[in-house]
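*Asks:* Once you've looked at the hints, dock chains B and C against the given chain A.
Same order as they appear, the protein sequences are chains A, B and C. First residue of the first sequence: 282, per our numbering; consecutive thereafter. First residue of the second sequence: 237, per our numbering; consecutive thereafter. First residue of the third sequence: 12, per our numbering; consecutive thereafter.
These are calculated hints, taken from the structure and not from any lab test. Glycine included, every Cβ here is placed at the ideal spot set by N, Cα and C. Any given hint might turn out to be false.
[Unchecked claim] Not the full set, but computed from the structure, chain A residues with beta-carbon under 10 Å of chain C:
| no. | residue |
| --- | --- |
| 1 | ARG383 |
| 2 | VAL417 |
| 3 | VAL584 |
| 4 | TYR591 |
| 5 | GLY677 |
| 6 | VAL684 |
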Amino acid sequence: MMILSKKIIPNVICTFCGATCDDLQVTVENGKVLNVRSGCSTSLSKFVNYNVERYLTPLVKKDGELHETSYEDAIARSAEILANAKYPILYGWSSTSNEASRAGLELAEWVGGVIDNTTTVCHGPTLLGVHDIGEVSASLGEIRHRADLVIYWGSNPVHSHPHHVMRYSALSKGRFRLSRKDRTMVVVDVRKTDTAKLADQFIQIEPNGDYELMCALRMAVRGDDLEQDVIAGVPAERIEELADLMISCQFGVIFFGVGLTMTQGRHRNIDVALSLVRDLNARTKFLIMPMRGWYNVAGANQVSAWVTGYPYAVDLSQGYPRYNPGDTTAVDVLARGDCDAALVVASDPVSNFPVEVSRHLAKIPVITIDPHPSATTLISEVVFPTTIVGIETGGGIYRMDGVAIVTKPVVSPPPGLHSDVEILQDILTHVKKLKMGQ
Amino acid sequence: MKEITLTLKRELHLPVEAGEISPDKFREKSIGEIEGIKIWEGNRQVALADIFKVSENSGGSGDEVTIRVVGNAAKVRKIGYRTSSGSIIVDGNAGMYVGEEMSGGSILVTGDTGSWLGTKMKGGQIEVKGNAGDYVGAGYRGTTLGMKGGTILVHGNAGQEVGCWMTDGTIRIKGNTGLMPGIHMHKGTIWIEGDCEGRAGGQMRGGKVIICGKTPTVLPSFAFEEIREKVKIGEEKIQGPFYVFSGDMNENGKGKLSVNAPNNPQLKWCEKYVEA
Amino acid sequence: MTELLIRNGFVYDPLNGIEGEKADISIRDGKVAESVGAGATVIDATGMMVMPGGVDIHSHIAGSKVNAGRILRPEDHEKDVERHTPITRAGTGHSIPSTFTTGYRYARLGYTTVFEPATPLLKTRHTHDELNDTPIVDKGCFPLFGNDWHSMEYLQQGRIEECAAYIAWMLRATKGYAIKLVNPGGVEAWKRGRYLVGLEDRVPNFDITPREIVRGICKANQLLHLPHTIHVHTNDLAKIGNYQTTIDTMDSVRGLGGDNKPVIHITHVQFTGRTGSAWHNVGSGAPEIADYVNKHDHVTVDMGQIVFMDTTTMTADGGFQYMLYQLSGNKWMNFDVEVETGAGIVPYRYRRNNYVNAIQWGIGLELALLIKDPWRVYMTTDHPNGGDFTKYPKIISWLMSRKAREKSIARINSIARNKLDLPDIDREYTFSEIAVVTRAGTAKALGLKQKGHLGVGADADVAVYNLNPTKIDPSRDYRLVRKALKKAAFTVKDGRIVVKNGEIVETPMGRTYWVDSQVSEGLMGKVESEMRRTFTEYYTVQMDNYAMDDSELGRSSRVSVKAEV
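Bound-form chain A, shown alone (with noise of 0.2 Å):
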């Protein structure tokens, strides 16, 4: 299908961060986009230039360098590494659709390896303590119409989620708060960060005193005397201030990000924040929200969660799912050498993961599914290109507060190109086909 007159197309869903804001309106002349109204500068840059550097056929390794080869070709040796694989780990997911998940579950249980996505790096404590103590949560709207007291807190969204302020939170316009003068912004962090600028009140913390601060503000709003003056970088009157404010607010939330999830405590962190908001919960309405960074981590975890019952780290070697981060989770794996090979799919983790960890990924067959070259696909084995999620190809995706949307394309691919969906599928049919075999 070539789209080839110039034409506006509206309610474009945007798959960079977990914001994902659906009204985008993307201009196509030619089957080019052109423009993009409504999103931020970089959902303008990733649609404008999506199809920079793009990889246009399957390649394998042959004497150490990259060749071109056939589809037909690559799908049979995918399938036979993963086959005879005794423990593959298949990493991703977060970067691309539902589907592309379902498929790579059902590949993975085939192959009896471990499926694993970026939640790993990033969220996996927040899931930690969402074990031990639950979460007290809504969809974004609830916080758009309700909260007049807003906590960013080790989360800097001007950056990391740029519309997320002004559509759901601080300086968006709800039903019973109508414009930002109904609300306290109040920003948690290490440095006066940007997002901090936009804040009525701004609280600088010692880096890794997040576990302590918390603490505080329980025993604050417990209404339990502090002991200690300064804890955290924090006088205590100034912790004793903020425990008030959320205290005497009508509906409050904090939104966190990897400032609380990847410090010092990482999902003790965490725990201790939902127990923070559960005890408000005595005394107001308050919630906690993570914010997530891929466009479809969420759904990662989603369609891991109700396929497997567990969100990330499977383990799926001995027929039947386990899970245990620390143990089952694909830096671990890796940091181990315990595979002995790797599916790759939307990510790059020979350059986000230490170098000690990622080192085992250069040892095994590494096969990846990634539009463009990165780290990962220069050390693979085998390199499919592929379509990309909400621009090409459509596909279903969750939001970061679990609300599920569908995308769908607003070009045509490059031609002979695959979905990560289809590979998968190809691969996983030829598997069963070895497996059964056997």
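*Replies:* Chains B and C alone, transformed into the frame defined by chain A:
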């Protein structure tokens, strides 16, 4: 008494899950049967003899079993799973989940172990001469009930979250620990002879954590109680003096955190709360 | 042309008046037929019981709160697993099974149709994503109304017809089957941290009462000619003594229907069937509720029976779930959904020696035993709230056997035992009545004319159980009944054998039923243009991205009805 030795035949590259290595499983079996026990190597099931050479030293009376594992078993998981009696000696390193769901008997590891040592333990004894990983004596993800009984002794260091959600038993770490020993603890004792990275007893509801070495801070939700000369663990008295705190107040906790005073001058601030 | 003959079984087909006679069931091309040829595959059902496949009217198996429950509780799944086979997918179970496991386990019980009873409109796409991965069974879902701003505003303005058109639009957009009301008005109040009391309390900011909401939406349901009645989880679940609210709710719509057909279904009545003013004096309101149901035929109910086990509670009733967290101290998830509804999840263990749990256990059974007409009371556990659905055979044995009940009664909290009427109730359900409360009655209540019976033209969904009703006395041999019902000898779905001796042999994709109520163009046009404006103000998703397309369902089965407006 029957002593069975399992000697690793080759270097392991894949994770091996061998919960079958337990006196309970070996007791009624002949050597041939033991050799044929199926264990997991990656996603394949293999015979125990594929990985271990099995030999037996019989002699002595009684039908108790001792298993000796020889070689670098760092990739072998779940050694001693559900052991109820008998003993296991690992001459070298052991992998994760040593002594999982153990209820009796004993396990000795001369080297290091992986994480989740003694997870879900109910009874028995585990001793590790080297270091242990994270989550010593912890429960499974999402349960609020961790270790229920038994004793764990680690001569070296341990990682994060020793005794997470502990409901009873004793854990003694002679070396240092990472963050948050005793997190969410209900009952039981954790004795750290070395240093603790911090946040000891976070969110605990009961139980005892004793730190003889250094720890940088005490959480704001712990109230200073008193200075004690000695702290008692069972029959043993540990020489202090100790700053004793109770908490975690955010959980209405009645746990006790005792921190060695002379080793922690940075905690001197609490002395202003000593009743005259 | 595929033909199947189920030969010589004892057939229970109460809708067609067959109550245990020996008969053959002929099947061709997925439907029950008059007869089949000599080349048909034969199932020899000699000495076995043959029933239509089970139809579960209320079971939380798919969607955002179910999945949130799965994520909350890795410890729930750890020990209960399904292994990968060349035909079946791996999975996990216990109280919140993964989707493939759900389909297989229902099929093994001889169930062939299941409805997810509560899904937020905004998140029903998620529900369908999960139903698409639930194999074998036919399915559908009930989207939530009654706390949604659009409904409340239309009703408050007295615009019933517009409300009906809006509901029709939403059912089409979300591919829903029926209207679900949970704590009408009460969830909007909960989002402001408040609890409503009774049916006359006004919803903050919306100036409408629960009574007005229930009546209004009931009328809308009538106007739309939806195949099922409104399906209601009443107000006051968090209140200790709440049976009166249940009766008041049933009474609030009396007279809205004609011709003796039900106009309201009250779900999991056990949970809103309590008397008392404090937890220590809680009692059973089942006799009062049963009395009302016996005297008024405009009502159907389902049990919501509890089983003594560690399970997971999950409802759209966020306020109730918060209260349960406060009582139990267990972990707690809450998820409010903008403009529409909420959800809460709390793990909970029902204990025999806990006074309140023992009373709850008694209430469910008393309801089913005191309500005389089995066509208006259905067996459910409100899975997983009361217990998981694999416990159905146990509950069936309690209904069929006084001896089975006595055994359990002897072990419950003794003060509760003395307070309940249950020990004195003699009644024992027959196999025919069981067939009604688990399939024929539920199919009828749902308006699924081709389900729940084995007449010619019905969908060939059949369960064959290894139980000889002429040799077994279910009152005495209740253990044999349990055993046989746990593992169907055969389950047939659309004429294909999917279960043999409790093992899955085939995994076809079931249908997803949804209702398209055709409202007049003029009215729909007017309502749609009003919605275009309010959508942008209310939601954080564009209206055009909100509505689902048919193609998003694995196997769409549209039920078309003509509305009166």
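*Asks:* The hint names GLY677/A as touching chain C; please verify it with the least Cβ-Cβ distance against 10 Å.
*Replies:* holds (7 Å)
*Asks:* With 10 Å as the cut and Cβ atoms as the points, is VAL684/A at the interface with chain C?
*Replies:* Holds, because the Cβ-Cβ distance from VAL684/A to chain C comes to roughly 6 Å (cut-off 10 Å).
*Asks:* Under the criterion of a CB-CB separation shorter than 10 Å, is VAL417/A in contact with chain C as hinted?
*Replies:* At about 5 Å, which falls below the 10 Å cut-off, the nearest Cβ of chain C leaves the hint on VAL417/A intact, so it holds.
*Asks:* With chain C as the partner, please determine if VAL584/A meets the hint condition of a C-beta pair closer than 10 Å.
*Replies:* Status holds, d = 8 Å.
*Asks:* Less than 10 Å between beta-carbons is the criterion; does TYR591/A satisfy it with respect to chain C?
*Replies:* holds (6 Å)
*Asks:* Can ARG383/A be said to touch chain C, with a Cβ gap under 10 Å?
*Replies:* holds (7 Å)
The structure fails none of the hints (numbered hints given earlier).
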